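Visitor: Protein chains in written order, with the working numbering: chain U, 27 to 300; chain L, 27 to 300; chain H, 139 to 568; chain Y, 139 to 568.
No wet-lab data here; the hints were simulated from the structure.
Every value quoted in this text rests on a predicted model; they were computed, and no experiment measured them.
Ideal Cβ positions, reconstructed from N, Cα and C, are used throughout, including at glycine.
Treat the hints with caution; some may be incorrect.
A few chain H residues facing chain L, derived, Cβ under 7 Å [unchecked claim]:
1) G153
2) P162
3) L267
To spell it out: a stretch of chain H is covered by chain Y in this simulated footprint if at least three of its residues, at any positions, have a beta carbon under 8 Å from a beta carbon of chain Y; those stretches are [stated by the list, open to error]:
4) 190-203
5) 421-429
As a plain string of letters, each chain reads:
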Amino acid sequence: MTTDSDIERAIRENHPALIAYITAGDPTLEETAEYVEALDRGGADLIELGLPFSEPIAEGPTIQAAINRSLEAGTTPDSFFELVDDLDVEAPLLVMTYYNMILQYGSEPAVEPFVERAADAGLAGIIVPDLPAEESEPLREACEDHGLDLVFIVAPTTDGERLETIMSQVSGFAYVQARLGTTGARADVSGATHDSLTRLSEYDVPKAVGFGVSEGDHAAEIVEAGADGVIVGSALVDLIAEKEGPATALEAKAEELKAGARRGAEDVPEPEQP
Amino acid sequence: MTTDSDIERAIRENHPALIAYITAGDPTLEETAEYVEALDRGGADLIELGLPFSEPIAEGPTIQAAINRSLEAGTTPDSFFELVDDLDVEAPLLVMTYYNMILQYGSEPAVEPFVERAADAGLAGIIVPDLPAEESEPLREACEDHGLDLVFIVAPTTDGERLETIMSQVSGFAYVQARLGTTGARADVSGATHDSLTRLSEYDVPKAVGFGVSEGDHAAEIVEAGADGVIVGSALVDLIAEKEGPATALEAKAEELKAGARRGAEDVPEPEQP
Amino acid sequence: MSDSDNKTSFGAYGGQYVPEALMPALEELEDAYERYVLENEDGFMDDFRARMREFGGRPTPLQRADRLSERYDCEVYLKREDLVHGGAHKLNNALGQVLLAKYMGKERIIAETGAGQHGTATAMAAAHLEMPCEIYMGRTDVNRQRPNVYRMRMNGAAVNPVDTGRGTLKEAINATLRDWSKSVETTHYVIGSVVGPHPFPKMVRDFQSVIGTEAREQIREQAGRLPDSVLACAGGGSNTMGAFHAFVGDEDVGLYAVEAGGSTLEIDEERGVAPNSATLSTGTDGVLHGAMTKLLQSGDGQIMESHSVSAGLDYAGVGPELSYLVDIGRVTPVSVDDEAALDAFHRLSRLEGIIPALESSHALGYLERAAGPAADDASGQRPRAEEHENLGDLVVVNVSGRGDKDLETVLEETEKRDLEAAPDVEVFDR
Amino acid sequence: MSDSDNKTSFGAYGGQYVPEALMPALEELEDAYERYVLENEDGFMDDFRARMREFGGRPTPLQRADRLSERYDCEVYLKREDLVHGGAHKLNNALGQVLLAKYMGKERIIAETGAGQHGTATAMAAAHLEMPCEIYMGRTDVNRQRPNVYRMRMNGAAVNPVDTGRGTLKEAINATLRDWSKSVETTHYVIGSVVGPHPFPKMVRDFQSVIGTEAREQIREQAGRLPDSVLACAGGGSNTMGAFHAFVGDEDVGLYAVEAGGSTLEIDEERGVAPNSATLSTGTDGVLHGAMTKLLQSGDGQIMESHSVSAGLDYAGVGPELSYLVDIGRVTPVSVDDEAALDAFHRLSRLEGIIPALESSHALGYLERAAGPAADDASGQRPRAEEHENLGDLVVVNVSGRGDKDLETVLEETEKRDLEAAPDVEVFDR
Ligand SMILES: Cc1ncc(COP(=O)(O)O)c(C=O)c1O
Ligand SMILES: Cc1ncc(COP(=O)(O)O)c(C=O)c1O
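Only chain U is shown next, with the shape it has when bound in the complex (with noise of 0.2 Å):
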């Protein structure tokens, strides 16, 4: 690992970090602009927007229905890079989209003209759901050049081989899915979170959990586990789709979350520095 990137950065400084996850154009991109605004002030560390794809296979319901939203919206690509251009943030921001969506932009199936657009606009990262390592080294590449992070999933079932090769890859984060299945808030921290968390620990990179995260005592938990982080979407989707006035609920939840994560982490010694 040469220089820490702005998303390491972001964690190691920030840390116990908080990454929030909301979908572009949700319900539209004018209000994307103001929860990103919100959860910024509420202390989310890094945060990743979902750009739109009609087949999100890795989602559960509830950001299945915020990407319809989205959809329906009318956000495409280039909406979606014209709000981030616009946007100004404490926090780096992350693109979190669908391998497709990503090879399509421009005028032939590629990945630069992508990755180059992302890189204008000042987003610090990519996170792809349905790109493991394998398929991987084009957008590695592309990445590399224009100074952006790729940032892989560990899941509850990568191990041995498999695991070696993802984390010789990573760069930002390990994004480490707290349990198997599709996103989604849920009540409790899985066991494969502790599992997980243990055979990286070996792996000198920050690891943030995301995949059911939803309230301040996950995030300790998960923090006291040894992630460096936690991941937050569907909770967010959440209030966005039922609050009146979500920003405001952004924040607040937002805080929480910090808070959370803080408590886990004093019982747990600061993480070495490289």
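Got chain U; can you put chains L, H and Y with the ligands on it based on the hints?
Guide: Just chains L, H and Y with the ligands now, with coordinates in the frame of chain U:
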């Protein structure tokens, strides 16, 4: 041929003969008695009474319907025979029914009980539309034993050896089927009738033509072609189904048909007596 | 052919009780049957067999049913007639007859149909052989067997609804016989089972006998010996005789004709209704549709309405050869009721992944009754019940057809009952 | 196997674009595929073939279609996959995968289905092999393919309606992938076509390749030589690859993948709707459901709704191997529209007595377009149109399934149109 049977005599003596068919029990047995008397008055020389069977495969729609009415009215072989017991008309009576009705009369499947009862009731003959010569031996023997005629049908398709066989077994008269198909009144006389009568001309037995005869003019044409009698069924059954006071209509129809037959006979030489 | 009978009958059964007008056609047919079918004139049988192979999908497999074998503590093999083109054994006969009609120079085909299986098979065969085809079908059946009506129409056949009587199979046969009386010179009547006047019962049996001929070879190859028993459902009895014929000479092989017990074997004499179609088990001798055979009839000789949950078994008569084989003790007639047949339908669907025709389900239902867990003593020893003992250790069941056609009926009838083997059929939004 | 490709892809197509959580399962499956399928470990392939013979009814015939041969002035042979148990080629794959899952020690089967054909095949296979089975099916499809839902339920499978999106195949696949993400350790996902991540496209192709392997042998035996061309419809492309695979090395044999042209090949960019499913003919490269392949997608990369009168072809993607074979010029993609497919459905039903699946009717529809009377010059000479010339003198058409399932659709769609080959479907009293 030894001595003439009642049936044969009725045909020869009343030449050209009118043979009338109605379904017994249509709509009730009481009314059948009235109709039989009316036909007798109108000039019918022989009267066929249908004993209804649930599967009348040789009948057209008119007689099928009559059979259904009779069955619904509860006609049984016993009530049928009781009707015949009580009838007192000049024309000899025949029963027309399907073979299973004959077989099932009595406690075991056998033909004897039916024939015995028919003879007792004073019936002169039996016609069984689903009993070809090949299967007729038991019934023929029983009929001989009880002095009843068993009338056979000669179809337009009957030819060569089959015709020989049938004609050697005929008693009473040969029922010449005017055309292929089922019973039912039609508006013309078919060419098949002429052909059949030609084929039969060498056999010395009375020939009566049925299937489709409905008017005096048909009767004339048929007799002119060489028939010794005409058989009329559906046209009479139609009157029963359609007219108020069918007895009068039946009598008038019989008169019309008999007159027609006579008209036809004026142009043909009297048949030779044996 | 080794019929212990004279030319046109089986003992006292069979014969030719038809209007005189049809007799010449039967003579002509008899002649054609003897020349083409029995003597393979002009290579008729080779042609027929080749078409059944390429068009019809023969041979059908004989499949060991693993779950049934386990359940019944004996080796159960299924003869898979459900895989024949059209979904039932019916094509064996329909194709044979339409081809024969073609060899005879006939120009037109007519047939009756009840549930529509024989009608669809005939329509397929007629399309395959370019013969104009008309199917008679009772109005009631037309209305409740709509998909089969469509199939016939799509194969180019005309469908003539019959409005008389109850509008079911019996009336359709009557109507077809009436058409034939008119059209006999140019037309062949493709009768749908081993019923009707001679030579139909023999001819249909011969066309269907491929079932048993194949099964006999297959079981010898697969199990190394002849079966202890062969089970087949019996409506008219064509799949039955088809399955049995090759085994009739094998005296150690038990032959079970499983009839539709309907709701009960008891007869409603008053209304002239038999709430079953168990002709062989409960019928008396008489003449129907051209043959002497066992019948469901009143004391007077009127034919009764029969009933079965399975339309293809719902017939008041049965093939004369079966009547004969039952009388001489060669075939054992048994029956299972609607409920047991439905249960067996679900059981095979679930345990073996084969959805059988409701007709065939009767044969399977008898297996359950004779050899199922309830039939045996509940003690650990599992001493066999007598019926189970009689079936033996190696049983062939003829699955005469597939049950796709029966889904609606089965759903409706299942809802009324509490069946052991039925899935709970959730009803989705409509 | 002679794939001109690397291990997980066909040229640039294929790959494994799935969530990380599924990757270990794909590795495990790849290993099992190589051992059991490619190397016949534990006699897996022998077991599979025996079951396809006895349970599935293989081999299916290759039938010379006499009327079509005459009409098209060339020898037309039909590969009769409509005779496979369940009524379509789908069982070849479903049984292969469920058996493999069993050998792998999996405890549960899940699958997606659109029209219900793959679901019913999988439910049958699962019942046959005693595997608990759940089928995902879009709500819209559940409601319009009711008989198939019942069949699955009767075979003991659970049917899970999917309420997202338009409620059709695409959504069902998404839902099944989501289930699998959760249950991957104990569950095998039986994918229904040659799509999805490696090793599915190869494995499904290998299970289906029996179609072409049989056909190749049969045509050599029956016609004495290899065909000039092979036609198969292409949805996902499993019957297509199944029919083609054995012929890919025979460079003189033309391979035609016939896609659903729907109402038109033109795309409604505005609404993101393709009124067709002609992926190979009009699609662009992208990633869907785990593989890089040709897709119907918007310029941005959103997957379009596809459309076809035939539910089984109604899919916006296609197998990656087909994309590859089209790119290198080995397979010719063509398409016929709804109307031509319906017409071909009626034509085969009427002329040959075989009611084909609407999917298969597309392959037959192409034959009519390329070689039908209208395609040739009307002059007495009948010089062949170019398309006819290309098909050659000996053509094999894969009849991938039977059309019983399509009757309602065909009736409805036929009423809207004036089709040359359609019977006039009288409407009987309801
Ligand atoms: C599948 C099936 N099995 C059996 C039968 C009964 O006929 P048979 O007793 O002549 O075989 C039918 C009649 O439609 C049928 O469709
Ligand atoms: C009969 C039939 N043919 C073809 C298809 C299309 O699938 P594939 O292209 O994978 O063969 C289907 C799909 O349901 C089908 O049922």
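Visitor: For every hint, state whether the structure bears it out.
Guide: A quick look at each hint next to the structure:
Among the interface hints, the one on H/G153 holds; its C-beta lies about 5 Å from the nearest C-beta in chain L, closer than the 7 Å criterion. Interface restraint check for H/P162: the shortest CB-CB distance to chain L comes to about 4 Å, inside 7 Å, so the restraint holds. Interface restraint check for H/L267: the shortest CB-CB distance to chain L comes to about 25 Å, outside 7 Å, so the restraint is violated. Beta-carbon proximity to chain Y at under 8 Å applies to 9 residues in the segment 190-203 of chain H; the threshold of 3 is reached and the given coverage holds.
Under the rule that three or more residues need a Cβ within less than 8 Å of chain Y, the assignment of the segment 421-429 of chain H is violated, with 0 such residues.
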